[in-house]
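Now for the letters of each chain:
Number of protein chains: 2
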Amino acid sequence: MSNLQLEDYIVATYLVHGRGGDFHKKAQGIAVGLTVGSWTDLPAERQERMKKHLGHVVSVQELGSDEQGTVKALLKIAYPTINFTPDLPAVLTSVFGKLSMDGAIKLIDLDFPAEFTKNFPGPKFGIEGVRNRLGVQNRPLLMSIFKSCIGYDTDTLAELFYQQALGGVDLVKDDEIFFDDTYAPFEKRIEACLKAADRASAETGKKVLYAANLTAPVTEIVDKAKRAVQAGANALLLNVLAYGYDVLHRLAADPEVNVPIMAHPALAGALYPSPQYGISAPVVLGKLMRLAGADLVLYPSPYGSVAMERAETLAIAEELRKPKEVLKPAFPVPSAGIHPGLVPQLYNDLGNDQVINAGGGIHGHPGGSAAGGRAFVAAIDAVIQGRTLEDAAKDSAELAKALELWGGK
Amino acid sequence: MSNLQLEDYIVATYLVHGRGGDFHKKAQGIAVGLTVGSWTDLPAERQERMKKHLGHVVSVQELGSDEQGTVKALLKIAYPTINFTPDLPAVLTSVFGKLSMDGAIKLIDLDFPAEFTKNFPGPKFGIEGVRNRLGVQNRPLLMSIFKSCIGYDTDTLAELFYQQALGGVDLVKDDEIFFDDTYAPFEKRIEACLKAADRASAETGKKVLYAANLTAPVTEIVDKAKRAVQAGANALLLNVLAYGYDVLHRLAADPEVNVPIMAHPALAGALYPSPQYGISAPVVLGKLMRLAGADLVLYPSPYGSVAMERAETLAIAEELRKPKEVLKPAFPVPSAGIHPGLVPQLYNDLGNDQVINAGGGIHGHPGGSAAGGRAFVAAIDAVIQGRTLEDAAKDSAELAKALELWGGK
Chain A
227 MSNLQLEDYI
237 VATYLVHGRG
247 GDFHKKAQGI
257 AVGLTVGSWT
267 DLPAERQERM
277 KKHLGHVVSV
287 QELGSDEQGT
297 VKALLKIAYP
307 TINFTPDLPA
317 VLTSVFGKLS
327 MDGAIKLIDL
337 DFPAEFTKNF
347 PGPKFGIEGV
357 RNRLGVQNRP
367 LLMSIFKSCI
377 GYDTDTLAEL
387 FYQQALGGVD
397 LVKDDEIFFD
407 DTYAPFEKRI
417 EACLKAADRA
427 SAETGKKVLY
437 AANLTAPVTE
447 IVDKAKRAVQ
457 AGANALLLNV
467 LAYGYDVLHR
477 LAADPEVNVP
487 IMAHPALAGA
497 LYPSPQYGIS
507 APVVLGKLMR
517 LAGADLVLYP
527 SPYGSVAMER
537 AETLAIAEEL
547 RKPKEVLKPA
557 FPVPSAGIHP
567 GLVPQLYNDL
577 GNDQVINAGG
587 GIHGHPGGSA
597 AGGRAFVAAI
607 DAVIQGRTLE
617 DAAKDSAELA
627 KALELWGGK
Chain B
227 MSNLQLEDYI
237 VATYLVHGRG
247 GDFHKKAQGI
257 AVGLTVGSWT
267 DLPAERQERM
277 KKHLGHVVSV
287 QELGSDEQGT
297 VKALLKIAYP
307 TINFTPDLPA
317 VLTSVFGKLS
327 MDGAIKLIDL
337 DFPAEFTKNF
347 PGPKFGIEGV
357 RNRLGVQNRP
367 LLMSIFKSCI
377 GYDTDTLAEL
387 FYQQALGGVD
397 LVKDDEIFFD
407 DTYAPFEKRI
417 EACLKAADRA
427 SAETGKKVLY
437 AANLTAPVTE
447 IVDKAKRAVQ
457 AGANALLLNV
467 LAYGYDVLHR
477 LAADPEVNVP
487 IMAHPALAGA
497 LYPSPQYGIS
507 APVVLGKLMR
517 LAGADLVLYP
527 SPYGSVAMER
537 AETLAIAEEL
547 RKPKEVLKPA
557 FPVPSAGIHP
567 GLVPQLYNDL
577 GNDQVINAGG
587 GIHGHPGGSA
597 AGGRAFVAAI
607 DAVIQGRTLE
617 DAAKDSAELA
627 KALELWGGK
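From first to last, the protein sequence lines are chains A and B.
The first sequence begins at 227 in the working numbering and counts up by one.
The second sequence begins at 227 in the working numbering and counts up by one.
Think of the hints as simulated: they come from the structure by calculation, not from any bench.
Only a predicted model underlies this, so the values are computations on that prediction, with no experimental measurement involved.
Keep in mind that the hints are not guaranteed to be accurate.
Copies of one chain are not kept apart here, so a pair can be met inside one copy or by any two copies together.
As the list claims (entries may be wrong) - Mimicking DSS-like on lysine-lysine, the simulated pairs with C-alpha atoms at most 30 Å apart in a straight line are:
hint	residue 1	residue 2
1	K414	K620
2	K414	K298
3	K302	K373
4	K251	K432
5	K620	K344
6	K344	K450
7	K302	K251
8	K373	K278
9	K627	K277
10	K627	K452
11	K298	K450
12	K373	K277
13	K277	K554
14	K627	K450
15	K548	K277
16	K344	K550
17	K344	K432
18	K433	K302
19	K344	K414
20	K251	K277
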């Protein structure tokens, strides 16, 4: 391994649970089996030609055993990028296709060399591009989620949009389960909600992005996105895992889809929570979302009922934002259970470059959705100015009400 | 629930692990939260209009608790089909999108009403159609897998194809990790391998289907499939989970892609093995593959190193083959670790309507790939005739050799 040029390889890290002892053999079996198939029985001349396609074991690290004698280990395997086309179906099928079914094994990290990463779109706008579209630089953004979309008509949704926008939010997103939009067709809804946004802007002086839920057969989804943009859409929401990462990739790579794309984490919980199986949350919701082109990524906050460990949520945000040679950073959007009282904690966790996202924490405000938004705006202003919420609540009846209802420092 | 017309609902069954006591409340929260969002606080007039969009709890069944006091329960929730577009991204996002991230919960079944199922393609050929294409009716089919594809050129692959076909196999499939095909471009490879198939057929009198691995950006994949068909392809392999079920759906629904589609289970192990999280194997590899249009579905056999519990493999096969009002049955293809000695066991498990699929069990034969195929053919003939393999091995030196090497009754 000493001569291995890692810029020509994707390195996958796996957590395996087993009886121990044979981890080196297992690692070697993966490195060969998932690349050239077999090695030692190949003639020397053939080996010479296949060398550049052969995988390698980078390291095997045993992590100790539990009470039942099960040993954990980390295996790092290097796969030649020459074996892949530059897309996530190729990468995932190769490094965790068959292997995902081979006992207790979890894919916990993937390292892509810059040369290979260059073939992926990454976020088209990224944090800076989204901020520029909104004209907001030095504070966390604020987003509200429609309480419900199913069964509502265009006019009603536009009115609900207006109420939310009036509270001073920067973004509004559709419900991710909004598929059948017979009463509020996609393009009509976009036009109506953006008119509502303009009405609200005239009062608040703030611009609002509307992430409409992009749904369609995969064969039509890019065209539908383009039509949305033509209809004035200024953002799109996508259930990335339900459609596949490659759909996000192709949307992000298309120059005509020139609006920020927000990735919803729907289905991610089928992949990341098991300690023994699946793919880690920072890979599923961090690294791969950014690589495929999400500008903003929702993921479970550590504070709601749909909860994730705080360290894991921070690892997702780290993957989305850390400086990279090739990819722009994306906005982390910790979601679920967020109310104004949590703003200092969120700010402490993630600083400026995040989207504070609330549904119930906005619509459940006793004064209504607009008041709910204003309570958040007051809370965000407070943390930026270094004030306590308690202090800021003296100047904001809406914030005072929110703290009374949901608590908070 | 007594008046619920289940033909208007998709019923999802979840296995949950929790503290017990509040499962009814949890179920109610799902039924409302993942459909209309809220219910009790809606005005009566609004409730009337939203009624048809509201989810319902069908049943809550506690299953007892473990030593740590964790209680297991099965929740069945009915979701109105009116809320969905007829595609799997809509269904999966709705019934297990956000919910997948909500604690220890596994989606273990989905029941689709016939009216809704009609909107899905299902297998275009099914078991009967594949049999008709091959002219083989009354025995299990036999498939061999290229030992390796990466790094080989078209001529070499065509020769390897010929060797496999010569052994009397009915189908040959590409390696699923074959993405970069610079040395053996897709359409050229198809043409060359089908010529090799003809050469072999001239000797064996048997037709052979070649499932070439269909890979492309999702925006191009249906067109690429059509070009393959124009180039003479008579089957296609697809990594369904890497691309998303909807890609399979659109391929199967396209009349110009008029060849059987074989679904590879790559990545399925990231979803099904945990008892607490994910989606069950019979749903991932059985029900949804058939609904979206796979004619043949590979899944881990219970006999190889990539192992799955036998009962679970039988449940997958049951989902693929059980008579349905709407969908054709699909071929189960239990894979990995298969050698001729296992044929009686496979026949006992699944009978005629299966594909016996081998890689190492064919290429690892001391007489080479053609001899490996012949050993399987002899084993399949034997079980059909009610002979033991030991007895049949008297008439087949290849089978005798295989039994000597790998064992078997």
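We went through each hint and held it up to the structure:
1. In this assembly of identical chains, K414 and K620 lie within 30 Å of each other by CA distance neither inside one copy nor across copies; the values are 42 Å within and 74 Å between.
2. For the homomeric pair K414 and K298, neither the shortest alpha-carbon distance inside one copy (54 Å) nor that between copies (45 Å) is at most 30 Å.
3. Taking CA atoms no more than 30 Å apart as the test, K302 paired with K373 passes between copies only; the shortest distance there is 24 Å, against 44 Å inside one copy.
4. When the C-alpha separation of K251 and K432 is checked against a cutoff of 30 Å, the pair qualifies neither within a copy, at 60 Å, nor between copies, at 40 Å.
5. In this assembly of identical chains, the alpha carbons of K620 and K344 never lie at most 30 Å apart, being 51 Å within a copy and 60 Å across copies at closest.
6. Taking CA atoms no more than 30 Å apart as the test, K344 paired with K450 passes in both settings, with 26 Å inside one copy and 24 Å between copies.
7. Taking the shortest alpha-carbon separations for K302 and K251, only the intra-copy value of 13 Å comes in at or below 30 Å, while the best inter-copy value is 44 Å.
8. Proximity of K373 to K278 under the C-alpha cut-off of 30 Å is restricted to the inter-copy arrangement: shortest distance 18 Å between copies versus 54 Å within a copy.
9. In this assembly of identical chains, the alpha carbons of K627 and K277 never lie at most 30 Å apart, being 67 Å within a copy and 33 Å across copies at closest.
10. Taking the closest pair of Cα atoms, K627 and K452 never come within 30 Å of each other, the shortest separation being 42 Å inside a single copy and 61 Å across copies.
11. Taking the closest pair of Cα atoms, K298 and K450 never come within 30 Å of each other, the shortest separation being 46 Å inside a single copy and 43 Å across copies.
12. Within a single copy, K373 and K277 get their C-alpha atoms only as close as 56 Å, which misses the 30 Å cut-off; across copies the closest is 17 Å, which meets it.
13. Neither within a single protomer nor between protomers do K277 and K554 lie at most 30 Å apart by alpha-carbon distance, with minima of 34 Å and 45 Å respectively.
14. Proximity of K627 and K450 under a CA criterion of 30 Å is satisfied in neither setting, with 42 Å inside one chain copy and 59 Å between copies.
15. With identical chains, the CA atoms of K548 and K277 are never at most 30 Å apart, being 34 Å at best within one copy and 47 Å at best between copies.
16. In this assembly of identical chains, K344 and K550 lie within 30 Å of each other by CA distance solely inside one copy; the values are 11 Å within and 47 Å between copies.
17. In this homomeric assembly, K344 and K432 never come within 30 Å of each other (Cα to Cα): the closest approach is 35 Å inside a single copy and 47 Å across copies.
18. For the homomeric pair K433 and K302, neither the shortest alpha-carbon distance inside one copy (46 Å) nor that between copies (43 Å) is at most 30 Å.
19. Only between protomers do K344 and K414 lie at most 30 Å apart by alpha-carbon distance; the minimum there is 29 Å, versus 37 Å within a single protomer.
20. Proximity of K251 to K277 under the C-alpha cut-off of 30 Å is restricted to the intra-copy arrangement: shortest distance 19 Å within a copy versus 59 Å between copies.
Violated hints, in rising order: 1, 2, 4, 5, 9, 10, 11, 13, 14, 15, 17 and 18; the structure is consistent with all others.
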